[in-house]
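Going down the list, the protein sequences come from chains A and B.
Number 42 in our numbering belongs to position 42 of the first sequence; there are no gaps in the numbering.
Remember, our numbering sits 651 above the position in the second sequence when you count from 1.
All the pointers check out, no bait thrown in.
Mimicking BS3-like on lysine-lysine, the simulated pairs with C-alpha atoms at most 27 Å apart in a straight line are:
#1 A/515 - B/711
#2 B/711 - A/529
#3 B/711 - A/532
So the derived label-pair ranges between C-beta atoms look like this:
#4 B/829 - A/469: 58 to 66 Å
#5 A/638 - B/717: 44 to 52 Å
#6 A/511 - B/696: 20 to 28 Å
#7 B/717 - A/469: 44 to 52 Å
No lab work stands behind these hints, which were simulated from the structure alone.
Every residue, glycine too, gets a C-beta built ideally from N, C-alpha and C.
Below are the chains, spelled out letter by letter.
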Amino acid sequence: MKKVDLKKILAAFGVVAFLSVLWIGCPGSDLTQGDAAEKTYVAPGKYDEFYLFTSGGFSGQVGVYGIPSGRHFKTISVFAQNPETGYGYSEETKGMLETSFGFVPWDDAHHPKLSQTDGIPDGRWLFINGNNTPRIARLDLKTFETAEIIEIPNAGGNHASPFLTENTEYVVASTRFSLPIPQKDVAISTYKENFKGSISFVKVDPESGEMNIAFQILVPGFDYDLAHAGKGPSHGWAFFTCYNTEQANTMLEVNASQKDKDLIAAVNWKMAEKYIAEGKGKAMEANYYHNVYDESEQTAKSKKLNSVKVLDPKDCPGLIYYIPTPKSPHGVDVDPSGEYIVAGGKLAAVIPVHSFSKMIKAIDSKNFDGDAAGIPILKYDAVLAGEVQNAGLGPLHTEFDGEGYAYTSAFVSSEIVKWKIGTWEVVDRIPTYYSIGHLNIPGGDSRKPWGKYVIALNKITKDRYLPTGPELTQSAQLFDISGEKMQLILDFPTVGEPHYAQSIPADILMKNSAKIYRLDDNKSPYATKSEKQARVERKGSEVHVYMTTIRTHFAPDNIEGVKVGDKVYFHVTNLEQDWDIPHGFAVKGLNSSELLIMPGQTKTVVWTPKFEGVFPFYCTDFCSALHQEMQGYIRVSAANSSTPISYNIQK
Amino acid sequence: MAETRKGVSAKFIKMEKRYRTIFLTAVLLLTGLYFFPLWSIELGAPQFPEGLGFRIWLDKITGFNENDLNSINGLNHYIGMQAIQPDSIPELKYMPYIVGAMIFLGLISFLINKKPVYLSWLILMTIVLIAGLVDFYIWEYNYGHNLNPMAAIKIPGTSFQPPLIGSKQILNMRAVSLPDIGGILVFVSTIMIIYTLIKSRKQKNA
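Next comes chain B alone, as it looks inside the complex:
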């Protein structure tokens, strides 16, 4: 079928097998999000030699140790922060479906195997990622700013918002916020897909 008319256009529009394989691998990497946490926020203070912090998964929030969420909520009540209650965070309900849909669309793109489809998928994925980070930032902002006016400790002008990424000293706590394995998988997956699209563009030019 190589020299048919269709074949000529296919040479333009289809992805070479090895890039296609990388694309598929990258999409499948996203299934790791169901097994690994996306993000982790660690709170460091001398009184917590055993570590204190939590991990954000697609569908849940878990403490580093069994009772960390309780402990963090307990500490936060001094400054009037709302308690972190995983049950009342809607993102944890729909994120598994969004990721599922992206994996599904990724597989469809793989089967259709047309470069514009791959590109559309990447654009959609980028929008989801940015939306996710913005949503996360807003959540952190509200969490750090929406304080109970009756709180015992009030420090005018201070925000208790944890960093989106990186570290920040919040009173006696050093908060370190970093992508966890799941977050790294998303990052790696996205890089791989961008790579395949750039490479296969060169393929067209060649």
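Just chain A, with the same shape it has in the complex:
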């Protein structure tokens, strides 16, 4: 997305592009200093200090890395099918990808966000948005698996999401592409008249983490881009950047870049709650899915919902104010104190920093500068705390170190700019390779950043690694920020296009990380808890194989009586209860993917045999010294044959 937009903009910055070429031409010009290896070396068998969660971008997944080593630990399947584990292929997980558009096995995942308590990441859940078919996922950080996905209706491009309030009361969603709400068949050129935006507040249950859309606010048809909730004194508010306040519907590259100032929407969500309590929310028809993975039954449960509560700002005075902000702002970031709201005006020459307390004063004294569709626009100067001059070209996002400094990524000038909160002076800058998008400091958007490192999530890789043809890995870079000067200490590749990332001290998550699924807690209706219960049952043209795996055999491992055209359900339960002993299952000619079954888990895959014969199945995950022996056969007879169902179980 912004990679495309901004690359084009890059062309406009002839001089800068030239400088970039210079950098590209001599990547060794700012090599890491002598002690970098020491700072990033994590000895074999030792642990990293932080977990890093990167969005997988167009891979639809989430990457888990260690900092400072940059080692990749896991790819968590979220919005995309993953044949490695069977996610989205297995009967149990297919439901996670159900939407009002049917089964959507892919999305564009942008912003991971750790749940917070008192404004501090608490390590319970990780939320991430799906941009394309608007969704929000919740990942459980005990199992490092996707626990829930909720679709966001009345939205197109859920980009400003899932930023959350300081006690995870809400995660937000919005619409980057405004739409006719409700959808209808209209001429695109009627944009100004027919298109609207929406901002959604999704309530998170404090115990279970389950999400439900509490309310949506219908807003003017701009492009709602990024968000952050207030914290401390600004708790109760959430801020959303908007570009395309020009309301162009074609060639936005030019047509949405005309105004000097676009807007930040400041939403008083506590007031929204009050309006909802007063009954101001109107039920609106909306079709969307809510998919929850029931951990005890080990199955996704999909529910189709058909209504949302909608607030119209016209009926709700004081709900939203717009803060003018230069040139198509992208990121909006709130400092740890909750007082300063930093905007990344991606075409602006300065970084404007708004003051929350001045905003409240301006609201109280009605210091307005007109309105947009009835929503008051505050006076720029009345809200502005200061402007950071010479802050790099194309500033996008800002994170904080908790020591009074802010770090802003500048895409066009490909650098991180460090500046001081309060004096707005730039104190340090360091190039990134190349064209940084988001950046992340551990806890860097929370009330108490852990600081120490900043991770640059770059958009362009070029010559940083051994070349792999036209398609290259993504390039992240680690900087030590513990001293006065930022120091580049590591390049490490990441998968998909990482947009935002979150990091958290390892000890917060490590102690809760599950080792196995307890067989006793497995309440799957298809579980086979012991070999004695393993069996094969025919139900019409369906054959259900209740199979177990344990080192080093399947039970049963010889199956007969299946016919061409049957739908064969392999319900495979891994009886192991030992740490890190998964078994895999695959049968010849499987039209979906293998299953990778963790200890204590039950997973199901459907196989439709097309030919008569005898077909092997086997374990795909090297599980023991006799792994190669872990195999079996299934016999397929003609559709009209009378071969009875039979199978064998060892005593």
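Here the structure of chain A is known, so what remains is to put chain B in place on it, guided by the hints.
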């Protein structure tokens, strides 16, 4: 009553108060067996950084970690060892009663307070202990030798019997067998009782 005829013989046959107290303490230490495991067998291999092993109690066998017994049984099936199934080990059913009886007899001995009775108790206790260790050894022997002939891994001449006490390399596993807290309590208790009997013998001689 000190100088009666009875008293003179009592001086011979009764235990001095402080030794008697030690005896009682030693007997009561045995109640710890109901709260602490007797023995522990640890199996060490690089693939088990989290530790693997089990503890033998009077009435049960527990893994170091929740599923260790399963894991050990799973590993042992390669070499054809029988599964350890606590439910089918009769000792776990009657050991609590034997220890209970010994504590009871110990208390009776304390009340009777006659040296021959104390000595009889110690002899009985020693027999129980030796019988227990022999029984444990036989159990380990059977466990290590009574192998399924269909086992995947067969190494002629190798026994998989864990050591009674100490450590031994069994294929890739280092088995370490040691008394646990309960076992140490029994040991300490026995030493204390032997001590009281030796000391009070000196008392007679004095």
